[in-house]
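Protein sequences appear in the order of chains Y and H.
Using this note's numbering, the letters of the first sequence correspond one by one to residues 1 to 79.
Using this note's numbering, the letters of the second sequence correspond one by one to residues 1 to 204.
Source of the hints: derived by calculation from the structure; they are not laboratory data.
These figures come from a predicted structure and were not determined experimentally.
Cβ atoms here follow ideal geometry from the backbone N, Cα and C, with glycine treated the same way.
A portion of the hints provided could be inaccurate.
Under 10 Å between C-beta atoms, here's a sample of chain H residues computed to sit facing chain Y [as the list claims (entries may be wrong)]: (1) Lys22; (2) Ala25; (3) Asn115; (4) Ala123; (5) Thr125; (6) Glu159; (7) Glu160.
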Amino acid sequence: MEKQLKLIIAFHNVTEIMRFEKKCKEASKPGRMIPVPRAVSTSCGFCWMADLSAQKELEDFCAETGIKPVAFHQVEMNV
Amino acid sequence: MNTVIVNAIGDTCPIPVIKTKKALAAMTEPGMLEVHVDNETAVSNLTRFATSNSCKVESEKLEEKHFVLHITAETPVKPVINYGEIVCDTAAAPNQVICVTSDKMGLGDDTLGANLMKAFFFAVTQQDMLPRTILFYNGGAKLTVEGSPVLEDLKKLAEEGVDILTCGTCLNFYGIADKLAVGDVTNMYDIVEKLSAASNVIRP
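Modelling step: build the complete structure from the supplied sequences, incorporating the hints.
What follows is the structure in structure tokens.
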């Protein structure tokens with residue numbers, strides 16, 4: 001598989017990311033929920049992955065929904 | 001034409017093929033790979049891998065436990081490993097089978113279980129060494145049909161040569177036989193054979 005730099009958005013807990021996924025689906029926002037890559041954290045959890053170009057749109061969507069992200073990362077992933 | 005050297009001496013099967021695949025995938029223009037390995041099994045596996053990815057390949061034995069293969073890609077390729085073609089001599093042969101018996105991962109909360117299953121298949125796509133076969137039966141059959149939350153990942157795995165097999169009886173039982181969207185239909189004899197021949201079985 002090819003590697004590509006992806007945007008990874010971390011949230012406080014599983015409930016928050018699952019809520020974010022639901023909102024994103026309802027609003028047709030780009031990206032998907034994935035397990036947190038080892039490059040970001042060795043702990044177990046979910047995060048949101050999207051193309052780098054979607055950062056601004058997703059930052060705005062976080063603000064709109066009131067779901068606060070913990071951090072934004074860029075990680076190389078298999079696509 | 002650029003030449004990239006891949007040193008796979010000392011690597012256990014199928015790592016030489018995986019390293020070569022990565023090097024081939026990184027080529028953006030026509031080029032050559034010079035792959036060094038230390039056993040004839042690796043030479044055979046790499047020859048099959050190169051040929052099935054439309055590359056020219058020549059090999060020679062330089063000395064005891066030192067072989068070199070010259071793999072030429074006349075155009076950049078998106079290499080695919082057909083794990084059925086990879087033969088390893090060791091007990092750790094990569095005949096890994098994933099056995100999916102439900103559309104949820106684990107027991108407890110169903111919403112969490114569905115999300116865990118999505119995360120599981122995404123994580124499988126991120127592995128260097130992919131399973132040879134993924135079997136879906138009973139509730140697991142719901143994951144290989146249209147609308148499945150893991151369909152995108154399963155299609156990627158199928159493109160990489162992983163056999164995706166779903167129990168036909170189960171598809172019929174759930175009334176979704178006409179919605180199969182990835183892989184093939186299988187039966188209990190195949191399921192038993194695949195599980196019997198597996199070097200290890202993972203059940204998420």
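Interface hint compliance - H/Ala123 to chain Y, C-beta minimum distance less than 10 Å: holds, 5 Å
field: Interface hint compliance - H/Glu159 to chain Y, C-beta minimum distance less than 10 Å
entry: holds, 9 Å
query: Does H/Ala25 pass the interface check with chain Y, least Cβ-Cβ distance below 10 Å?
result: holds, 6 Å
- prompt: Taking the closest Cβ pair, is H/Asn115 under 10 Å from chain Y?
  reply: The hint holds - H/Asn115 has a Cβ within 10 Å of chain Y, the shortest such distance being about 6 Å.
task: Verify the interface restraint on H/Lys22: the C-beta must sit less than 10 Å from at least one C-beta of chain Y.
output: holds, 9 Å
message: Under 10 Å is the threshold here; is the Cβ of H/Glu160 close enough to any Cβ of chain Y for the hint to stand?
response: holds, 7 Å
task: Mind checking the CB of H/Thr125 against every CB in chain Y and telling me if the closest is under 10 Å?
output: Status holds, d = 6 Å.
Every hint, counting from the list given before, is met by this structure.
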